[in-house]
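Protein chains in written order, with our numbering: chain A, 179 to 512; chain C, 179 to 512; chain D, 179 to 512.
Hints in this document: simulated from the structure, not taken from any laboratory. Treat the hints loosely; a few may be bogus.
Identical copies look the same in the list; a pair holds intra-copy or inter-copy alike.
Stated by the list, open to error - Derived pair list, reagent style DSSO-like, types lysine-lysine, alpha-carbon separation capped at 30 Å:
1) Lys310 x Lys207
2) Lys250 x Lys292
3) Lys358 x Lys292
4) Lys292 x Lys180
5) Lys204 x Lys310
6) Lys250 x Lys450
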Amino acid sequence: MKHFLNTQDWSRTELDAVLADAARFKREKIGDALKGKSIALVFFNPSMRTRTSFELGAFQLGGHAVVLAPGKDAWPIEFDLGTVMDGDTEEHIAEVAQVLSRYVDLIGVRAFPKFVDWASDREDKVLKGFAKYATVPVINMETITHPCQELAHALALQEHFGTTDLRGKKYVLTWTYHPKALNTAVANSALTIATRMGMDVTLLCPTADYLLDERYMGWAAQNVAENGGSLQVSHDIDSAYAGADVVYAKSWGALPFFGNWEPEKPIRDQYKHFIVDERKMALTNNGVFSHCLPLRRNIKATDAVMDAPYCIAVNEAENRLHVQKAVMAALANQ
Amino acid sequence: MKHFLNTQDWSRTELDAVLADAARFKREKIGDALKGKSIALVFFNPSMRTRTSFELGAFQLGGHAVVLAPGKDAWPIEFDLGTVMDGDTEEHIAEVAQVLSRYVDLIGVRAFPKFVDWASDREDKVLKGFAKYATVPVINMETITHPCQELAHALALQEHFGTTDLRGKKYVLTWTYHPKALNTAVANSALTIATRMGMDVTLLCPTADYLLDERYMGWAAQNVAENGGSLQVSHDIDSAYAGADVVYAKSWGALPFFGNWEPEKPIRDQYKHFIVDERKMALTNNGVFSHCLPLRRNIKATDAVMDAPYCIAVNEAENRLHVQKAVMAALANQ
Amino acid sequence: MKHFLNTQDWSRTELDAVLADAARFKREKIGDALKGKSIALVFFNPSMRTRTSFELGAFQLGGHAVVLAPGKDAWPIEFDLGTVMDGDTEEHIAEVAQVLSRYVDLIGVRAFPKFVDWASDREDKVLKGFAKYATVPVINMETITHPCQELAHALALQEHFGTTDLRGKKYVLTWTYHPKALNTAVANSALTIATRMGMDVTLLCPTADYLLDERYMGWAAQNVAENGGSLQVSHDIDSAYAGADVVYAKSWGALPFFGNWEPEKPIRDQYKHFIVDERKMALTNNGVFSHCLPLRRNIKATDAVMDAPYCIAVNEAENRLHVQKAVMAALANQ
Chain A
179 MKHFLNTQDW SRTELDAVLA DAARFKREKI GDALKGKSIA LVFFNPSMRT RTSFELGAFQ
239 LGGHAVVLAP GKDAWPIEFD LGTVMDGDTE EHIAEVAQVL SRYVDLIGVR AFPKFVDWAS
299 DREDKVLKGF AKYATVPVIN METITHPCQE LAHALALQEH FGTTDLRGKK YVLTWTYHPK
359 ALNTAVANSA LTIATRMGMD VTLLCPTADY LLDERYMGWA AQNVAENGGS LQVSHDIDSA
419 YAGADVVYAK SWGALPFFGN WEPEKPIRDQ YKHFIVDERK MALTNNGVFS HCLPLRRNIK
479 ATDAVMDAPY CIAVNEAENR LHVQKAVMAA LANQ
Chain C
179 MKHFLNTQDW SRTELDAVLA DAARFKREKI GDALKGKSIA LVFFNPSMRT RTSFELGAFQ
239 LGGHAVVLAP GKDAWPIEFD LGTVMDGDTE EHIAEVAQVL SRYVDLIGVR AFPKFVDWAS
299 DREDKVLKGF AKYATVPVIN METITHPCQE LAHALALQEH FGTTDLRGKK YVLTWTYHPK
359 ALNTAVANSA LTIATRMGMD VTLLCPTADY LLDERYMGWA AQNVAENGGS LQVSHDIDSA
419 YAGADVVYAK SWGALPFFGN WEPEKPIRDQ YKHFIVDERK MALTNNGVFS HCLPLRRNIK
479 ATDAVMDAPY CIAVNEAENR LHVQKAVMAA LANQ
Chain D
179 MKHFLNTQDW SRTELDAVLA DAARFKREKI GDALKGKSIA LVFFNPSMRT RTSFELGAFQ
239 LGGHAVVLAP GKDAWPIEFD LGTVMDGDTE EHIAEVAQVL SRYVDLIGVR AFPKFVDWAS
299 DREDKVLKGF AKYATVPVIN METITHPCQE LAHALALQEH FGTTDLRGKK YVLTWTYHPK
359 ALNTAVANSA LTIATRMGMD VTLLCPTADY LLDERYMGWA AQNVAENGGS LQVSHDIDSA
419 YAGADVVYAK SWGALPFFGN WEPEKPIRDQ YKHFIVDERK MALTNNGVFS HCLPLRRNIK
479 ATDAVMDAPY CIAVNEAENR LHVQKAVMAA LANQ
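Chain A on its own, in the form it takes in the complex:
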C-alpha cells in the first residue's frame, strides 16, 4: 500500500501521471473517483487552502472529508512508544490510526514542527506514526515537507511554460524575511521538486546558517544526478535573480538556532532586503513569481509583485485542489 508522504518516495513516472490526472481533473471538475469514499483530515495546525481544497476535492469526486483537530475538538494524541501515559495525551496514535482506518479510506495529516528541537522535529514523528499504524493510505498535508504544494507548484509552472518538461529553466528559491522563524517545509519541498523536474536550481539565502537540512540538500543532489539540471547555493541576490525563469519565495528560521530563536532574530532582521520586489524581478528572464501562501505583503513580496501579471501564486493555490484530487484518486484506487 502506497502513502503520499513525500514526492521523493514516488517515481518520476508516478508523479508525472498524477500531474497529468490533475490537469484532467482541472478540466472536468465533477467525477466519481471517490464515490462513497471518505478521508479524515487531521489538522494539528490551522489551514485555509489545504482544508478547503481537500474537502472540496473529496466532494467533487463523490466522497466526503471529515475534518479533525486533535487537542482542540478531538483528543490530544501520544506518539511515543512504551510511554506511561500519565501526562496530557489521552490516546495513542496506534489506536487513533487503526480506528480512523476502519472508518475512512484515506487519512491526511498536517503536523508542523514544535520548533523546540530540530533533531526531534526532523523525525516527522506524527506523520510517520500515522503511516505506521494506519491500514489505509496517509497523505502529508504539510509537516516538515509539503508534497501537495510541490505538485501544485509544478503544475502551475507546466501551465505557465506550456510544457510538462521544465528542464533548462533557471529556478531561484529565495529566502525572505518574516517576523517569525518559520517552518522549512515548503523550502525543503521547493528544492526537492525543482531538482526533481531537472531545473537549474539556485538556493538563495543570506548566509550558510540558512541552508536547509542535509536530508533535503541530499535529495536535491540526488535529483540532479538522476534528472539532470543543477543545484547551487548563493548568498548574492542580484546574480541569483539574473536570468531566472522562476522565482519562488519562502521564509524560514535558521536551523542552527532552532528552538533558540532569540539570538537568530537580530541576524534575521538584517536581511529584510531579501523581499521580492520589482527591481529584483526586472533582473530575471521575464520570470514568474510564486509563493505557497499565506504571504505577508510588503514583508516577503511587495504589493506590486503580488499584483503583477507574472505572479502565479493564486494559480498555484488553485492547483492544490486539482493535484490533491489526483493524489486521493490514485491512493484510494490503488
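Got chain A sorted already, so can you dock chains C and D onto it with the hints?
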C-alpha cells in the same frame, strides 16, 4: 456579477422573486440547483443558525459548504491596502478572496463590528474586501446589516398574514435591554426591510442616542418614498405598541457611546422595562412578535411572550434555510 | 416519536433489531436510508470517534451531518426554565432545539457532566432539555451514559463469540486507574448492556466508594430479573478475572467525592495496580479485552494487552459507525 451584500442593492422585483423561490424551496426541500457547486462560509464570529442553515441548504440542493473560521482554524486576514504586514495577520484579503474564488462558487461572510470605532466599523471593510477581490458572488451572513435575516423575517410575515403584500401593517421595531452593547445589524436590517415592504414603521427606542446610523435611517426614508408606508421614531412604549400588527425586538448599543461603553452602561440599565411582555403585547392589534435569535429570555422578552402562539421567531429562524437556498441558487446560476 | 437516550428505554426486541441492522450496514456500507436527511451533532465536549462515525454514517446513507460546538463556535445555551438570562448564556434550549428541529431530521447530543455536583449532573439536564423541546428524535452521543457505545460493544462481542446470544458468558467490568477523575458514563452503560444481554456480570472496583449510581445499579438488577444472568460486585482482582470471557475496563471518579476530587486523589492513587495486564488476562477463560477508547496506554491497560489478539477495542470502535447508522436509520424512518 451580483453579490448579496444588502437588500437595498437589489430591486424590489428581485427580492420578491427570491421570496417566491424561498416559498417554493420550503415546499420542495430537495433539489439540484447547486449540484456539484460549493460555498465557503467564512465566520469571523460564532454562529448556530446561520451555519446550520447555509450548510444544509447547500446539501439539500446538491452542493457543499466549507466552513472556515479565520484566526481560529484558518489564518488571520489583513484587510487594509498597502500595509507592511509585520503584525498578527498572515495573509491579505486579496489572496484569500482570489484563492477561495478558484475553489468555490459562492462565498458567505460573517464579520461583526469590532466595537471600538463606529466610523471604521460602519465601512464594513471585511465584507467589502471580499466583494472587491472575490471573482464569485459574496453573501452577507451578518456584518453591520443582516440581509438574510431580513428575507427570513419578511417571509415569516407573509406567511403569517397570508399575503405577500404587507402594506398597511403597523410595524414596531423596539429596542430592548441586554447586558452587553450589541451590534445594530439586525436593527438596521429590520428598519430596511420593513420600510421596503411598505409597512407603517415605528422605531421605538429609549432616547435619541439609540437612533440608528444615518445610512440606515436614510435607506428607510428612501424606501418610504418609493414604496409607500411611513416611518416614525418614538420613545413612548405604549403608544408605539398600540395597534401594532408586528412587534420586532432587538437590543443594540447607543452609537454615540460606540467603543466607550462604560458611560453607556448606566444609561442602558435604566431601560430594562423595554422588555417585550404580555402587557405590552396586549396593546397591539392581535400582533405577532418576532426576533432574530439568539434571545435572552426574561431580558429581551418574557417566557410568556416567547412561548405564546403569536411568537413567530422559530418560524423566522426556519425561513433562514429557505431564503438562503433561494439566494444561493439565484447567485450561483446568474 | 422515539428518541435514543438510553438503551434501557428501548425494548430488547428493538435493540436486537438495531444490532441486526448494524451487522447489515457493516456488510453493505453505502445506502440511501438517510437520503436527503440531516442530523445536527451538538458537541459540548470533544470527540474523535463519535464525530467521525456519525458524520460518515450520515454520508454513507445519503444524508448530511452538521457539527456544532455551543460556546465555541455556536452560542452558549441556557437549560434552566424561568431564568432571567443576564449571565453568560445567549439563548435558551427551547429555541435551540425548536430551531434545529426545523432544519434537521435528527439531533445528536454530547454533554459530559460538569463534575461539580453529581446530584445535578445525574439529572442529565442537557440531553433531556433537547429531548423535551426538540420535535425530531434526539440521540445520546454520551452524557452520563453512552448507549451508542453499548451497542458497538454488544456487536463486537456478538461477532467475537459468533452468536447473538451472549447468555452464560462471564463479563467483568473492571475499574482502572486514571490520573483524572473521569465520567461514569461508559461504566454505567457497560453495566446496563451486559446485564441486558443476560451475561453473568461482575463489577470489579477498589472499594464501595467506586460503586456506580443507584439508578444504574438498579437498571442492572432489573435487567438480571428480566433477562437472566447475574450481577455481583467484587473488590478482589484475581477472583473477578478468574474464568472471565469478557474483560471491559473503564476508569471513573468515586461518586462520594464528586466535585471534591482533592481527597479522592490519594485514594485513587493506591489502586494503580488495577491496570489490565497480561498476568490478569491469563486468569481468564481465554477472554477478550475491550475498552471504549480513548485509552491511556500503560495506565489503564499495558501495551502488551492493547496489542494482543484478544484486544477487540478497535473492532468495537469500528462498530460505532455501524450501530449509529442503524440507530439513525431507525429513528429517521419511524
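Comparing the hints with the structure gives:
1. Lys310 x Lys207: between (33 Å within a copy, 26 Å between copies)
2. Lys250 x Lys292: Both, since 16 Å and 18 Å are each at most 30 Å.
3. Lys358 x Lys292: Both: 14 Å inside a chain and 26 Å across chains, each within 30 Å.
4. Lys292 x Lys180: Answer is within; shortest intra-copy Cα gap is 27 Å, inter-copy 45 Å.
5. Lys204 x Lys310: Result: close only across copies, 25 Å inter versus 32 Å intra.
6. Lys250 x Lys450: For Lys250 and Lys450, the Cα distance is within 30 Å only across copies (28 Å; inside one copy 35 Å).
Taken one by one, the earlier hints all hold for this structure without exception.
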